[in-house]
Amino acid sequence: MTVKRWVALGIAIALFAMSAFVSIALSFAKMDFKKGLESVADLDSTYDYNVLKNGNPSKQIAVLTVNGTIQDTGESTSIFSSETYNHQYFMDQLEDIKKNKSVKGVLLKVNSPGGGTNESKQIYDKIKEIKKERNIPIYVSMGSMAASGGYYISAPADVIYADEETLTGSIGVIMQGMDYSKLAKKLGIEFNTIKTGPYKDIMNGSREMTPAEKKLLQNMVNDSYGRFVKVVAGGRGMSEKEVRSIADGRIMNGSQAVKAGLVDRLGYSEDALKALMKDNKLQGAEVFEYSTDEGWGSIFSAKLSRKLMPSAEKEAISKMLSTSSAPRMMYLYGEE
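Residue 14 is where the sequence shown starts when you use our numbering, and the numbers rise one by one after that.
Since the hints were derived computationally from the structure, they do not count as laboratory data. Among the hints, a few may not be true.
Mimicking BS3-like on lysine-lysine, the simulated pairs with C-alpha atoms at most 25 Å apart in a straight line are [said to hold, decoys possible]: (1) Lys145 to Lys111; (2) Lys72 to Lys144; (3) Lys112 to Lys141; (4) Lys213 to Lys198; (5) Lys228 to Lys195; (6) Lys243 to Lys254; (7) Lys272 to Lys254; (8) Lys287 to Lys141; (9) Lys228 to Lys213; (10) Lys134 to Lys254; (11) Lys114 to Lys139.
Whenever a hint applies, use it, and build me the whole structure from the sequences.
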């Protein structure tokens, strides 16, 4: 490693410590701010939002956004993180909608290649909970991509919009690991593993997987795939056989998705919003959009990060600090 990179790493560590301090301070400030809002009777929501269209505040339409990989990386990300999606923050917004009786409709904008099976299921379950308890319409507007887990969370919507060029589908489950045993042997590297059972180091990259291990993991993947198929079938009014005929991991554009029955209409988010208002007699409603970040702290972190750290090194350090090496099941299109 060059002197320049050692200096960059030193700066990175210092910035990471600063980021952690800022995140903790903001968390306490945010908690106090929320408590203050909760004490005010005439405020329904305790989350930052922007009013997109003035109207009747007792008849609101909430706009939410899922942008990026659906993965829980923790309540707050570091200064180096390139993540644009905060799972817990988004789940809190859904809970806020469930409690806010003024919200009469929801527009969910999805621009995601998918993500973790657990996180996608959590969002799906919460949307179903909102529909059951609040009985309000939920429309989805897909961005440039709403694939795999991005489609999973869209499936329970009443109406799904996509652009002709939207990439969607990719219904399936993937689990990947790396086998570097042959390279290690070539380099003369040996691994010593002490374990309590034959499967304790399953998918360990230092050795080849056994047929029994592959069968065990394949059964897990198949279970998650079965749940995905049921989610799509239930949301789209299709039989499981119909879903399985297109649920082989294939990606499709918006036009193809309409023909396949995965999308209802072609259009942009503004078209979806107009339809939501017209279809459900919500003309004159106030339309507001939840913030996609947690306030000025996120803006501060992003600007400071860009100012002091080259993007390539920031990305590498971010992965080094936050990425687990353990393989996991994903509803994901493309590389993790």
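To see whether the hints hold, each was checked on the structure:
This hinted pair checks out: lysine 145 and lysine 111 have alpha carbons roughly 10 Å apart, not beyond 25 Å. Straight-line distance between C-alpha atoms of lysine 72 and lysine 144 comes to about 17 Å, which keeps the hinted pair within the 25 Å bound. A C-alpha spacing of about 14 Å is found between lysine 112 and lysine 141, which places the hinted pair at or below 25 Å, so the restraint holds. A threshold of 25 Å between alpha carbons decides the hint, and for lysine 213 with lysine 198 the separation of about 22 Å falls inside it, so the pair holds.
In summary, the hint linking lysine 228 to lysine 195 is supported, as the alpha carbons are separated by about 22 Å, within the 25 Å threshold. A hinted pair counts as satisfied when its Cα atoms are at most 25 Å apart, and lysine 243 with lysine 254 qualifies at roughly 10 Å. Between lysine 272 and lysine 254 the alpha-carbon distance is near 16 Å, which keeps this suggested pair within the 25 Å criterion. As the CA atoms of lysine 287 and lysine 141 are separated by approximately 23 Å, the hinted pair is consistent with the 25 Å bound.
Among the hinted pairs, lysine 228 with lysine 213 is consistent with the structure: their alpha-carbon atoms are about 15 Å apart, no more than 25 Å. For the given pair, lysine 134 sits about 21 Å from lysine 254 by alpha-carbon distance, which is consistent with the 25 Å threshold. A C-alpha spacing of about 16 Å is found between lysine 114 and lysine 139, which places the hinted pair at or below 25 Å, so the restraint holds.
Checked against the numbered hints above, the structure breaks none of them.
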